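Could you fit the two chains together into a complex? Lean on the hints.
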Amino acid sequence: MKFILLGWDAADWKVINPLIEQGLMPNLERLINQGVIGNHATLDPPYSPMLWTSIATGKRPYKHGVLGFQEPWDKGSGVRPVISISRKCKALWNILNQEGYKSHVVGWWPSHPAEPINGTIISDFFARPTGELYEDWAPPPGSVHPPELEDHFAWLRVHPTELSSNITGLFVPDWEKINPAHSQMLNAIARETAMAASLHAAFTNILRTQEWNFAALYLSTIDHYCHGFMKYHPPKRPHIPQAEFDLYKNVVTAGYRYHDMMLGRILDFVDEDTYLMLISDHGFQPDHLRPRDIPKEPAGPAYEHSPYGIFLLKGPGIKKDEIVYGASLLDVTPTILACLGLPVGEDMDGKVLTQVFEDEPIVQTIDSWEDVPGESGMHTTPEGEDEDANARMLEQLVELGYIEKPGDNAEENRKNVTEECNFNLAKAYVDGGKLAEAIPLLEQLYADNPLVPRYAFQLATCYQATSKLKDARRVIEDMREKEFFNETTLDVVEGSLLLGEGRAMEAIKLFKKSESNVNQYHSRLHRQMAQGYMMLQRWEDAERALRKDIEMDYDHAAAHAMLGEVFLRDAQFEKAVVSLLVSIGLEYDQPNTHYILGLALKNLGDYARAAEAFEVTLLMAPKANVAREALIDLYANYLDQPEQAQRHAEAFEQKLRGTVYIVSGLPRSGTSMLMQMLEAGGLPIFTDRERTADESNPKGYYEHEAVKSLARNKKWLPQAEGKVVKVIANLLPHLPPSHRYKVVFMERDLHEILASQRKMLQRLGKRTQDDTYPTGLMHEYERQLEKVKQWASRSANVEICYLRHADVVAEPFLQALQINEFLDWQLLPELMAQVVDAQLHREKA
Amino acid sequence: MKKPLPAIATLPVMQFLQTEDGQPFDIPPSGSIGLLALGDLGIIAWRQKLQQIKTEMAERTRRNLMMNDE
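Heads up: the protein sequence lines correspond to chains A and B, in order.
According to my numbering, the residues represented by the first sequence are 1 to 845, in order.
According to my numbering, the residues represented by the second sequence are 1 to 70, in order.
Keep in mind that the hints were calculated from the coordinates and are not lab data.
From a predicted model like this one, the values you see are computed outputs, not experimental measurements.
Be careful, since some hints might not be right.
Said to hold, decoys possible - Computed spacing ranges between beta-carbons, pair by pair:
{"#": "1", "chain 1": "B", "residue 1": "N64", "chain 2": "A", "residue 2": "K405", "range": "37 to 45 Å"}
{"#": "2", "chain 1": "B", "residue 1": "P4", "chain 2": "A", "residue 2": "E132", "range": "20 to 28 Å"}
{"#": "3", "chain 1": "B", "residue 1": "N64", "chain 2": "A", "residue 2": "N33", "range": "36 to 44 Å"}
{"#": "4", "chain 1": "B", "residue 1": "T19", "chain 2": "A", "residue 2": "V372", "range": "48 to 56 Å"}
Stated by the list, open to error - Away from chain B, derived, C-beta distances all over 12 Å, residues of chain A:
{"#": "5", "residue": "I20"}
{"#": "6", "residue": "S183"}
{"#": "7", "residue": "R265"}
{"#": "8", "residue": "M505"}
{"#": "9", "residue": "L604"}
{"#": "10", "residue": "D606"}
{"#": "11", "residue": "A608"}
{"#": "12", "residue": "N637"}
{"#": "13", "residue": "L754"}
{"#": "14", "residue": "M760"}
The C-beta atom is built at its ideal place from N, Cα and C for all residues, glycine as well.
Extracted from the complex, chain B is given alone in its bound form (with noise of 0.2 Å):
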């Protein structure tokens, strides 16, 4: 059975990651050095990109799948 993710998974990290002149941060999906030298909360940041687009890309999917059902 999959372990449950712990709780640091779902820190809200945004709140740290700013650019210099507050802006959001862009988290590119594909990681960067960047993110890796930020350490722990690039880390989270990037694996809850990840779980962004992974969630998103399935909706994608489940959307058309009914499209093509209706």
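Pulled out of the complex, with its shape left as it was, chain A reads as follows (with noise of 0.2 Å):
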């Protein structure tokens, strides 16, 4: 068994059709009908190096070490391009060697100096031209493995001097008419070309004259081109110069064929027995979503990519003509140690692509590659110390724009990119969903840095994502004091704190006044302003909010998801689904906008496609119990098929996740005093303690902020496994499916909640209508109650105990040994039942 793995860094399928499309690229259309293809979801942040670590390792940066373009050095200009010792785990090739196979790796980014595994290693740093002529031009030590076929391999290189017109006109026919102060961008196309053919021509030499089990290419040279070129590629817009465009507008599509013939000769090698993947790390917008200007930051230019990257695999039983959905680029590793038939580390951050295969593989799986003995060929000794090699390595990044000249001052260099790396590994951790991780380095260096914006705004992002509003509100006022910070992107982050705080007026107000500003590093402005009118039940407004952002992108299957909620929501079923259907066209692998297409064809009496539409969300997110619930229903009572309904029934129950205890009652029912019980009682306690106790609860309220928003948010919901939380009666049914809730429900006379909550009013200093009796709230809190018990008899992952106000009082210790037995005996009565002061029982009917 063989395999191939071929990267190109930024191609995108946008760019990509049209040409096949045009016949342009015939060699990748041939490939496409014998396997499968797809977008692959790239990570954040989205920078080549880290990700195409990612990609080898199945393993996120926090993992895999890699965090950036370049990294802190003890040495030299203080900084050093990562390379290969960068890596603190296995990649690919280190399993594979392990296990005896015999891998070739080409150009592989990061990858210098080159290690020594059974096979060769042709480094990142090899093709990298230098010197005036290609006879001045000596291959950096250590850029290949064996050393002794430096020279052979040095030998195959081809230096851009070497290229005529013949070749570098094909990128730029008129050629002739470039100003000779522009000679650069030739030069650029000349380089980019030149180190593709030398890695391309190292590829081929190993594929034809050695043994290989495993080979794999990476390939800069698109997102090169596009970085250079693309704002010239058609269709023309109005900014670029009519001159320019028609010298360079050929560019990108040169390069995509000059690769795609690259491939009809890698395609030599490829017989029956051999996979073959191709990928990238991410697109590169081709279109309107094309960024007129790049943000002056580090890693600007990544702003031009787009967030999918290509996918393709072909091979012994895997589907053929086929598209894939869901799928990342860690998976990568994983499907192809599947396709080798070895284990896959259950430590990795990708998955096994089982839906590409004919007959769905059994996947075998270890605790960790890490932890298998064996010769990887890793280095064991420090390298990279080629101080010539990593400078001219350096000087490459900042001619593309990836990184800034280092300074003279080795010590701020090294703060500088110690300061870069811990950001991208916030991001990574803040991208991996480990927000508890990624607080702590982004308070640092908003600490650090106060004035720096991005560090702010990704603060208070990850502050208001897991419920701290407070300290994100903190920040936000923190950067408005210092006023240079950008207004409008402060609006948007504010305004969106403002909706996680439920005051949707103020925020849209906020969208307002930046809505004439907004461009598209605020694409989401639109959606949040519709959110906030979703919130208001302002379905109209929502709507009309939508489609300016959907004027701004069509193609933008957010918006469209988003309008098929709003219509759902305004029972305007048939409408939400042509714009459910219109988004899902657009992006398929969108789980939640098909659970919601489900519900839309349930209003609409299509009960059978409604199921499809939740059996597609189960694929895509086989965790989602909301949609197993759906479909347990669907099944049962509208399609007649009891055992379908059944086995969703027990995937329901395997697919929970951890426990939660609530304590809930209506306010005023005794709840607090449940909640010191059961603290008592030695159950561990969510609360954030921000309500501190008073007169009217002389020990405390046990709360948590981000319960309070639990309709909106439901992140906080792992951090509460195990522990008991209050969560108010009305709130109940907002709890998600996604965990089991053993639930103790403090019920108490609704005439001695109304006079409690009228005493702690007074006591308050807030005005009471003394003199009438409330009625409708009575009836309100009646009709909750109804709902609570309702909704405790339907949902199958809820238990619940009621407990009467007036029995705990009365009897505490009879009342602790009864939620013993509910909580599977784990608690101390005795304690429990201590905890409670019959002098508070203030309010007697």
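Here is the structure:
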């Protein structure tokens, strides 16, 4: 079994598809029909050395350790490009080395100095041209393994000065018209083309002359052509001068055609027993989404990237002519291991794309490949000390705009790069859902650099996402005081915070203020505005805001999906289905949109198609119990398929995450007392202690700020697993079916509750209507209690134990025993009973 | 001192490079994108072609010089 992995940095189907239609990429077209293709989602931050290391390891940056383009170094200028020893875990070729496979890796970023594997490694430093002429060009030490092949491969390299207008003229047919002052444009094309030729020559030489099981080739060329010339790619935009457009409009197309030709040669080595995977790490905006200006910040050119790379796989047992959904670049290594019959590390963040196989494979796993002993070929001694080679690589990164030119002060350079790496690490944590790990890094960055907007914005966003709304507000107010922060961006961030705080009107006001300054960096503004209107149930306004978003970019799948949701909530089910189908047509891989489509179809009475939509949701998001719940209902009550309902009911149980203990009841029903009992009994409490004790609740409220926004924000739930959390009765139905809930519900005489509430308002100095009895409120509470009981009885993941407040006060020990039984005998009832203070039962019916 | 050429420089590549109808492939001395895309064989063929032209030119120059001497 053989495997070829080809990496084309920044390749994008949005560029490729029109070229295939014109017959300009015949080799890729042939491949597409022989295997599966799809988009795969990139990671954030979208920086190539981090991404290609994630591709080669199946791990996120906080596990593999490559954290940007460069890293601090205790020599030279204080910084160096990331290199092979920056990677802290095994790459695919190290794993294969241990398993006795012969691997060859060419050009991978980062792979210098070449690792001593059983095969060949040609590092990413190898093809970078230096010197005026081919004759002056010595390969950097350590760029080839085994070193005795250095002269062999060096002779196959192509220097840019060797390329005639025969070649560069294909990219720029009117090259003679180029102003000599702009000759660097042509030089850049020659340099990139020559580098690709050098690596491709080495790769084909290896495939032709050596034994191999696994061979990988990485080319950065498309990314570099695009950063230089995508702005000239048709269609022409108004701000691009006509003369420049005419000169350079063909560069990107010619670059892709060149890659197709190279692919054609590689296909000569692919037989029926060979797998071939072609991937990119991210895409590159080729259309109206191309940014006009690039932000002046480190790695600013990455703003030109798009979030989806290409994915293509063909080989024995792989489906043909099909589209694969839901792939991520983290899935590459696990899927390759599965193709080769090797186990996948449990510590890998990616998954095997089982859906690409004709017969779904049984995926074998091991805890971690890091623990498997054997010769992996990783460096065991410090390498990468070649100052010249490091300096050359840095120069090229500066030329591409990815990094700023290092200054003369090594200490300063080291500090700056350390901060950049820490910021990238924080963003990687955020991307991996580990916000708690990101926050301390961001807090430090913000404390040390209070005037750097991106640190502040990221920190505020993290605070908001973890429901630390007060902290988020403090950062935003701090930024407002420092008047030089971009006001529009600040408004958008604050608006988002206001939405999180449930202050929709104020949020909308801010968004409206910013609307006239909006550009593509604030692309979420109209959707956030719509979210505010949705909170206020102003469906027409929400629709209007979303239409503006769609006007800016019709291909915005998220806007169509939201519009569908607006129509659904406004009971316009047919319109909802249309919008949701448009969204899914633009981007299929949206489990939530399929789920909403299911709801809309169910409301239209189209139960079979609704079930189909929910099933798709589960295919994409197998843990989405909310879809499973809907399917159980559909199959049992509408489609007469009890066996399917049973199948999903069993899966529902299996997919439940941990248990969250809930104390609930109406306000002033004695829930704080119940919390005290459970705490005394030994159950950990989920509270932020923001609301302190007062006369109304002398022992404290035991609340958590995040819980109050349960209807909008459920991200805190995993933090509450195994703990007890106080949730007010009317919020209970908002608990998602992702967890098992054991609810202790306090019932109290409604007259007592109303009297207690009135006393509390008086103590707070708030106005009460003493002369009228609130019968309306009383009916509302009765309705809420009924709703809770219905919710608890129909939810398979909810167990509920009702207690009477008067009983708890009168006989605390007996009630504590009852609670202990309900909570599986894990508490100390004697201690629970001791905290009940009958003196606090002040309002009695 | 100039390094000796590696063995690959003298590999007889023309056996690999033929047109679709089996005719010898005419290597353009100024190279082509097709040669680059062919990979190692294309580069070897191109370098050998350049070497051949250099040798021919040197031979021509030598002959011209000899004729002038005569």
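How the hints compare with the structure:
Distance hint for B/N64 and A/K405: a CB-CB separation of about 52 Å, inconsistent with the stated range 37 to 45 Å. Under the hint 20 to 28 Å, the C-beta atoms of B/P4 and A/E132, about 23 Å apart, fit the expected range. Taken as a hint, the range 36 to 44 Å is violated for the pair B/N64 and A/N33, whose Cβ atoms sit roughly 58 Å apart. Separated by about 51 Å at the C-beta atoms, B/T19 and A/V372 satisfy the suggested range of 48 to 56 Å.
Its beta-carbon lying about 18 Å from the closest one in chain B, A/I20 satisfies the requirement of being farther than 12 Å from that chain. With a cut of 12 Å on Cβ distances, A/S183 stays outside the contact zone with chain B, its closest approach being about 19 Å. The Cβ of A/R265 sits about 5 Å from the closest Cβ of chain B, inside the 12 Å cut-off, so the non-interface label is violated. Interface exclusion of A/M505 from chain B stands, the closest Cβ pair being 61 Å apart, more than 12 Å.
For A/L604, the requirement that its beta carbon stay farther than 12 Å from each beta carbon of chain B is met, with the minimum near 54 Å. With a minimum CB-CB distance of about 52 Å to chain B, A/D606 clears the 12 Å threshold, and the non-interface call stands. For A/A608, the requirement that its beta carbon stay farther than 12 Å from each beta carbon of chain B is met, with the minimum near 51 Å. Residue placement check: A/N637 keeps its beta carbon more than 12 Å from all beta carbons of chain B (closest about 62 Å).
For A/L754, the condition that its CB be more than 12 Å from all CB atoms of chain B holds, with the nearest at approximately 83 Å. Once the 12 Å rule is applied to beta carbons, A/M760 is consistent with being away from chain B; the minimum gap is 80 Å.
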